[in-house]
Amino acid sequence: METTPTRQLPWSKGQARYALISVRDMHIEYWAERGQVKAVRGVDFDIFPGESLSLIGESGSGKTTLGLGLIRLLVKTADITRGQVIYRRNGVEQDVLKLDPDGLRHFRWQECAMVFQAAQSAFNPVLRIRDQMYETVKAHRPATRAEVNALASELLERVQLEPSRVLRAYPHELSGGMRQRVLIAMALLLNPPLIILDEPTTALDILTQRTIIDLLRALQNDLNFAMMFISHDLSLAAELANHVATMYAGRIVEYGTVNQIFYEPRHPYTLGLIRAVPTVTGGFEDLSSIAGTPPDLIDLPPGCKFHLRCPFATRRCQQEEPDLIHIGPEHAAACFYWQEVERQADRPWEEIKAPSEGDV
Amino acid sequence: MIQATSQVPLIEVRNLSRAFGSRRHRIWAVDDVSFRVPHGDILCLVGESGCGKTTTGKLVAGLLRPTSGEMLFEGRNIWEMERSEFKRYRTAVQLIHQDPYASLNPMHTIYDIITAPLFRHNLVSSRAHAWERCVELFNIVGLTPPEDLLRKHPHELSGGQRQRVSVARALTVNPSFIVADEAVSMVDVSIRVSLLTMLGRLRKEFDVTFLFITHDLALAKYFAWDGRIAVMYVGSVIELADTPRLINDPLHPYTQALLSAVPEADPELTRSKQRIPLRSQDIPSLLNLPTGCRFHPRCPQFIEGLCDVQRPALVDTGDGRQVACHLVARERGMIK
Chain D
1 METTPTRQLP WSKGQARYAL ISVRDMHIEY WAERGQVKAV RGVDFDIFPG
51 ESLSLIGESG SGKTTLGLGL IRLLVKTADI TRGQVIYRRN GVEQDVLKLD
101 PDGLRHFRWQ ECAMVFQAAQ SAFNPVLRIR DQMYETVKAH RPATRAEVNA
151 LASELLERVQ LEPSRVLRAY PHELSGGMRQ RVLIAMALLL NPPLIILDEP
201 TTALDILTQR TIIDLLRALQ NDLNFAMMFI SHDLSLAAEL ANHVATMYAG
251 RIVEYGTVNQ IFYEPRHPYT LGLIRAVPTV TGGFEDLSSI AGTPPDLIDL
301 PPGCKFHLRC PFATRRCQQE EPDLIHIGPE HAAACFYWQE VERQADRPWE
351 EIKAPSEGDV
Chain S
361 MIQATSQVPL IEVRNLSRAF GSRRHRIWAV DDVSFRVPHG DILCLVGESG
411 CGKTTTGKLV AGLLRPTSGE MLFEGRNIWE MERSEFKRYR TAVQLIHQDP
461 YASLNPMHTI YDIITAPLFR HNLVSSRAHA WERCVELFNI VGLTPPEDLL
511 RKHPHELSGG QRQRVSVARA LTVNPSFIVA DEAVSMVDVS IRVSLLTMLG
561 RLRKEFDVTF LFITHDLALA KYFAWDGRIA VMYVGSVIEL ADTPRLINDP
611 LHPYTQALLS AVPEADPELT RSKQRIPLRS QDIPSLLNLP TGCRFHPRCP
661 QFIEGLCDVQ RPALVDTGDG RQVACHLVAR ERGMIK
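Chains as they are written, first to last, in the numbering used here: chain D, 1 to 360; chain S, 361 to 696.
One should not assume that every hint holds.
Claimed, not checked - A few chain D residues that don't get close to chain S, going by computed Cβ distances all over 10 Å:
| # | residue |
| --- | --- |
| 1 | Pro5 |
| 2 | Tyr18 |
| 3 | Leu20 |
| 4 | Arg34 |
| 5 | Lys76 |
| 6 | Thr77 |
| 7 | Asp79 |
| 8 | Lys98 |
| 9 | Val126 |
| 10 | Glu157 |
| 11 | Thr211 |
| 12 | Pro302 |
| 13 | Glu351 |
Said to hold, decoys possible - Listed next, the stretches of chain D that the computed footprint assigns to chain S, with coverage defined by at least 3 CB atoms under 8 Å from CB atoms of chain S:
| # | segment |
| --- | --- |
| 14 | 199-209 |
| 15 | 223-235 |
| 16 | 266-274 |
| 17 | 286-295 |
In short, the hints are calculated from the structure, not lab data. Using N, Cα and C, we set each Cβ at its ideal position, and we do this for glycine too.
From just these sequences and the hints, can you work out the full model?
Structure follows, in structure tokens:
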């Protein structure tokens, strides 16, 4: 298959042809009664083998849609209107969006598994865990029950569960944290090089969250798969990500290493998010929140989609939407005034002044 | 403004317990909980799911009757009150629910939702007066423009706006005490802080005392920095202290484990945190509670023959804190 080489992202940590997956210019829309919901509007990123990328953003920022779009699991009312999802393995490049049903079935789970948000509804409630495991493997390759049981036992032990007990159990007999661990074990059944995790620790208790986080870190160390996290929880990104992408109104507005995003944010929205989250350790901190609410994805404002909530916004921001531009090694931001963000990064949110129009 | 000198606390619970289920399969969701919340104070209840914090909140709000123990409002047991007195308590203590999608009637307009208690308690004389009061309340909770929002239905509002409506509804009856049960947990991160700031302002400007229930220790710390935190585990309070000391110098092994486990939104901090490993991951079932200290099967400092035999009581440490742990009691030479 002849393909034009994938466009290189200047902020990517390596050449696109070595990436496991390259997403380019991805657009996803939903059809709703009120009109077209522009959930994802032109997203570009690479994930390299063994890397972990975290997508952060509020509800409605398009992060879950993007994750589902990557493995083409969107609902029927959604449509990937444009874009490429280039997947590379053993020197072969494929566009996931152009795969036929057989190719897609191979891609899902064998190449890219997903751990879903609601661990309860991700299972078939009338099947024991061992049957769910068996069916998952059998859908992809010939397998015997004994073989799958052995494999499943090994994986369950890795996620610190008792195989003899869990394999026999029905999903409802397990606690939330146990179900989440079973889902992770299931994702690993076919040893995929990429796992997408949608809010893997949301709705779990602190000590259970800790177990899951430590497990994922250890598993990734041993098995060296790449992960893409989707989470509104910044602490999960702080714990596990190498790179972080901030999403707002369907676009990536900032991309950088985990330390850049947390300590040198250059998009006002990232700055605002980081400022809004308290930490437990240490003394009292002054926090501030971002005024206003995320925009309506059916009726998006003109210009930068964040300008209505942004203390840096000028008239230019009301008219023109900034592109994601390269601002430093492995760092990109979609803001005309990213240098101004750097200058005022230490000021309280309320005291930030918009730059005068001629400044940039 | 804060009259902490008065002897009788606004809210006090004494040996409060609540069981659910049939006589054979009984579980104690709340088991022998005692605390006081003086006028103007904040008490945070934190703990994992199933620890009994919501049930405690409902007992304080008078939505559940205790199986045993007392719930006192201004020193009087609410379940022994006269009708008129009970009604006064009912308006003085208000509950804000966790889920702003479920706590507002979807068939009613926001105006209906806010004015129902105003008319019910004869707090307004006319429709014009009611409208005026709504606008006033919306300004307090930061809902603008009030005129537009009042005509809408709940589904037309965002989660943050709905939660502000819940707060405005609670304020209609001029409460002196608010039980906020995970009041900001379902709201997006970027607007949580503004909701908390608004609640904090109620405390200062309208003299409202708070019982703030949350599973999020960072939120508890932020909201109740000048208040106190009570940590609950399987139905009981295991540690209670002023917020700065509870966060920075926890005494109970469970509190220590919890704090060491919290993932932080700061990569260097969270990746360098000292972890306290537990002996077991499993939260005990309320149907089959461990003997002795309920934390002993998981406790890293467990002492055989003591912790699994005798249940530690919540006792004063002598420096204004309370903790239920044999080890701490031993170390500090406290006599039980």
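Hints versus structure:
The non-interface label for D/Pro5 is consistent with chain S: the shortest C-beta to C-beta separation is roughly 34 Å, beyond 10 Å. Consistency note on D/Tyr18: stated as away from chain S, and its beta-carbon is indeed over 10 Å from all of that chain's, at 25 Å minimum. Against the 10 Å criterion, D/Leu20 stays outside the reach of chain S, whose nearest CB is about 23 Å from its own CB. Under the 10 Å C-beta cut-off, the non-interface status given to D/Arg34 relative to chain S holds; the minimum distance is some 12 Å.
Distance check for D/Lys76 against chain S: the nearest CB is about 24 Å away, which clears 10 Å, and the non-interface claim stands. D/Thr77, annotated as away from the interface, keeps every beta carbon of chain S farther than 10 Å; the closest lies near 19 Å. Non-interface status of D/Asp79 relative to chain S is upheld: no Cβ of that chain comes within 10 Å, the nearest being about 25 Å off. The Cβ of D/Lys98 lies farther than 10 Å from every Cβ of chain S, with a closest approach of about 36 Å, so its non-interface assignment holds.
Non-interface status of D/Val126 relative to chain S is upheld: no Cβ of that chain comes within 10 Å, the nearest being about 24 Å off. The claim that D/Glu157 lies off the interface holds: its Cβ sits roughly 14 Å from the closest Cβ of chain S, which is beyond the 10 Å cut-off. Its closest Cβ contact with chain S, about 6 Å, brings D/Thr211 to no more than 10 Å, contrary to its assignment away from the interface. At the 10 Å boundary, the C-beta of D/Pro302 stays outside the reach of chain S, the nearest C-beta of that chain being 21 Å off.
Annotated as non-interface, D/Glu351 keeps its C-beta farther than 10 Å from every C-beta of chain S; the closest such distance is 16 Å. Evaluation of the coverage hint for the segment 199-209 of chain D: fulfilled, as 6 residues show C-beta separations to chain S shorter than 8 Å, against a requirement of three. Given a C-beta distance limit of less than 8 Å, the hint that chain S covers the segment 223-235 of chain D holds, as 4 residues qualify and 3 suffice. Three residues within the 8 Å Cβ limit are the bar, and the segment 266-274 of chain D against chain S gives 3, so the coverage statement holds.
Requiring three or more residues with a Cβ within less than 8 Å of a Cβ of chain S, the coverage given for the segment 286-295 of chain D holds, as 7 such residues are present.
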